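2 protein chains.
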Amino acid sequence: MKQTAAVLGGGVIGGGWVARFALMGWNVNVYDPDPEAARKVEAVLTNARHSLPALYEQALPEEGEIQFCKTLAEAVNNVAWVSECVPERLDLKQTVLTEVQANCLDTTVISSSTSGFKPSELNDGATRPEQIIVAHPFNPVYLIPLVELVGDNATCLNAKAILDGLGMFPLLVRKEIDAHIADRFLEAVWREGLWLIKDGIATTQEIDDAIRYGFGLRWAQMGLFETYRVAGGEAGMAHFIGQFGPALEWPWTKLMDVPELTDELVTMIADQSDAQSGHHSIRELERIRDDNLVAMMRGLKTQNWGAGELLNDFDQKLFGNRPEPDFSKMIATVNRTIPADWTDYNGHMNEARYGQVFSDAADAFMQLVGADAEYIKAGFSFFTVDTHIRYIEECHAGDRVSVNTKVLLCEGKKVQLYHEMNHADGRLLCSGEQFMLHVDLNQRKSCPPRADLAEKLVAVAEQQKALG
Amino acid sequence: MKQTAAVLGGGVIGGGWVARFALMGWNVNVYDPDPEAARKVEAVLTNARHSLPALYEQALPEEGEIQFCKTLAEAVNNVAWVSECVPERLDLKQTVLTEVQANCLDTTVISSSTSGFKPSELNDGATRPEQIIVAHPFNPVYLIPLVELVGDNATCLNAKAILDGLGMFPLLVRKEIDAHIADRFLEAVWREGLWLIKDGIATTQEIDDAIRYGFGLRWAQMGLFETYRVAGGEAGMAHFIGQFGPALEWPWTKLMDVPELTDELVTMIADQSDAQSGHHSIRELERIRDDNLVAMMRGLKTQNWGAGELLNDFDQKLFGNRPEPDFSKMIATVNRTIPADWTDYNGHMNEARYGQVFSDAADAFMQLVGADAEYIKAGFSFFTVDTHIRYIEECHAGDRVSVNTKVLLCEGKKVQLYHEMNHADGRLLCSGEQFMLHVDLNQRKSCPPRADLAEKLVAVAEQQKALG
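As you go down the protein sequences, you meet chains A and B in turn. Counting in this note's numbering, the first sequence runs from 79 upward without gaps. Counting in this note's numbering, the second sequence runs from 79 upward without gaps.
Pairs count within a copy or across copies, as identical chains cannot be separated in the list.
With a straight-line cut-off of 30 Å between C-alpha atoms, the simulated DSSO-like cross-links for lysine-lysine are:
id	residue 1	residue 2
1	Lys407	Lys491
2	Lys196	Lys332
3	Lys253	Lys332
4	Lys80	Lys395
5	Lys238	Lys395
6	Lys148	Lys80
7	Lys276	Lys332
8	Lys253	Lys276
9	Lys332	Lys238
10	Lys276	Lys238
11	Lys407	Lys484
12	Lys523	Lys543
13	Lys118	Lys196
The hints are simulated quantities; they were obtained by calculation from the structure and are not laboratory data. Given the structure is predicted, the values throughout are model-derived calculations rather than measurements.
I would like the entire structure built from these sequences, with the hints used as guidance.
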């Protein structure tokens, strides 16, 4: 039987909780007196349905039912979890939490999504104070894994079990503090950002670029301390702090209340860093960091955004305006390195990526004969209808490979290509054929190529005939 | 003809510059009196050769030659670019830069990699002060695109042209300031992190987790202000600041020197944000953000790291301990959603990803018959030697698809599977056959399956026979 959660407040954060629970198979009761709440939650759900399932290689559980309740009491009746997501006013939150506690089970996890208030403030005067904790999520709640849990240990452990089941990353915070952990960093960065803008040093765009083309990429995979551990190299974390330490006294930020770097503090950090990352050598961590960065930036390439857009533009430069190839020979279509994210549990390039390389080879061939980005923009393209691949040798991350392509058939809307993929050392890795049809992209139906392309294709096929 | 750059200092940053230039086809002169310099640079080059080419779908230019010079004068003779990467001591940097200027061309771009010093400090008393600028890169220099350029505008523009050619993202900083832009944020976060550790709120591991499972993912693609613009929703950036503003006066960080949020500052930020992101609606930005997050986290899945490791673990939970299927019927092997990063310029799932789905179907089949992770760990697996795919219908991001699999042949080390991929609406999208050989992973050679698996495969094939 499905479990039920209650979400109080249907804004961006509340809507995000609704989406996360519902898409992970929970029923959700929503309470929000705003007559627009259902529309707002639906908008968040639309985004979540588009993206959350795409994170997984398996189908998610059947989506739960979402019920908009008339009263708070009805919403929290008999539920396993409550997310309070009302505006950041302590008195309002206390009133809501009191009413929740009067109407829910003793076993319900009552959580507040507050960015700033401490559990001891929220549960001040409550009937069962230990039942009320902070579970602070990050926007978009349906994608970002982190949830900071603060408060009574037993209740936090119950919360952790539930959040684990939603695919989230619950982080148990040891001691309560204003703004928990993550928002303290966000606040420090925000304050520094305001200074930079006010002083005319940088615009919002320049600040964002400094982050997303720079340390943002590092932080998405290793955070702050592990990044510095790697940067510090074999000399270790204490040595790194020794080097970096003096900057604490320099005006590198306008934010100047700074802890003293005592030996005790340095040792504490170095020991914690050993416990965190000491099972990897610096060389291993460098390799892990680099492969992570490559995989993430390659992900951004697929979206043509940020660091990924930069890489796509550079690919264009590298492919360049090639001279017309000699079509009486096989055509050099691909020349590249195999990235680490193309390999699988067998320690070699996954079979599907051979198909990727041949797909890229067909794209390059089409570009060389004139079916290029402009042609596609005009509403025409080729769709593959049949592929046959013969795998001959393994290939590995870092291997340099190239593809030579030959035209087997070119007749009206039909094009058949033959590809051979070679290792830089000369070994034949793979061969295959691809049968394609020319299509009208608006009709999504096959049609003859535009006259200029048709003529070119026939001429190329004629030249290729000598290859047999 | 290849251009030449000089790098002074062969540490982590200097080595990174050497790698970036050499792998992008420049010759590089290195000067570093440390007898270990060549070994250290070689270690960085090894990492760079493994990762930088993997960012691109095209081969990089032929690698340049790296020459270790006996004197600084020899290193900077006739070069187009100098990177000064000596330790962060102003007097040392000034001495080195003076010697550089005495021995290089007037047209050489002389850049310092300094994290903190301003151009006006570095070029104080120089013969041609405008020739000396800051070009501050980020570790690892061969992968992270950002370089902060500070100093004389004409020299910075020359520097930008060179860095563009290396695939980097040069950011022209409007006014010089201690620590430029990015390191001001890093310093603020570092200071806050020291407090959190000192006060026993969080360990280095917990801080890193709060970053890499949380806002680090956001910052890698949108940075700070665009992220908040999206979070603020249709009400706009000024409204968002209004909500977030009061926190400036709360103790959300120990770093308390805070600019006043005047109307003028709020308007400045809102206007800059409009200029940066105003060409996208909030709905569009939400979709872009979500697709970026999915693509990056899917990238981290391939490395089984951070947010990606969490997703892989959850996939395992979702696949679960399935009951033995009824092998007299076709076997349900895949049930999933198509992610946005699997689509191509034709607006549909790329042909190679159909192969990916069938590859995953074969994995699931093998898992169900007992050739699971444990079996692979024991040193055995299956390699595909031939694949034939017939594409029948298009499929799109967000589509739910499933695969049913049938055994065509199972004989000694040979296994042949037939797959059908269906849309959730029932349409057949694609069918294909895969011919596999059982292999010994240590020998990388075909061999018969282990007795237990061989027996199971024969039994399954027998049951599947009825399917014809």
